[in-house]
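Asker: Numbering (my numbering), first residue to last: -4 to 122.
Mixed in with the good hints, there may be bad ones.
Quick list of in silico lysine-lysine cross-link-like pairs, DSSO-like style, CA-CA up to 27 angstroms [what the hints assert, rightly or not]:
1) Lys30 x Lys57
2) Lys60 x Lys30
3) Lys110 x Lys1
4) Lys110 x Lys55
5) Lys30 x Lys55
6) Lys30 x Lys1
7) Lys30 x Lys58
8) Lys60 x Lys1
9) Lys1 x Lys58
10) Lys110 x Lys57
11) Lys110 x Lys30
Honestly, the hints are just simulated from the structure, not real lab data.
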Amino acid sequence: MKVLPKFSVVVSVYGGDRPDWVAESIESIFHQSVKPNEVILVVDGPIGCDLRRQVNILSKCKKIKVLETALNRGLGFSRHLAIMNTTNEIIAFMDSDDVSVYDRFERQLVEMSSKSVDVLVGLIEEF
């Protein structure tokens, strides 16, 4: 089997996010057939107590790097901040309410390594 490259996953949260959805989203990252060696969680501005509690729990995981901004700057700014702080060239982005199927990253990495690909997207299913 081909050795797949290391990669990072970026997730941004803000004050309007539901803590239970954030937890489920992050959990789906660590239940992948191929796991990232780094998850960057950007806290975009002030968040409520429940989401703060969830972020504090997640921050105890050694693979999760938490970055915070004092003001809500938006998803574009958050993702740029994460890109500037990643240790990998390959980055997967997830929204804070995304739940990835168990082989998402594996399938994307295989596709990227078999072709000259700069950007790769997937499909979503709303529920």
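Asker: Please flag the earlier hints that this structure goes against, numbers listed from lowest up.
Answerer: Result: hints 4 and 10 break, sorted rising.
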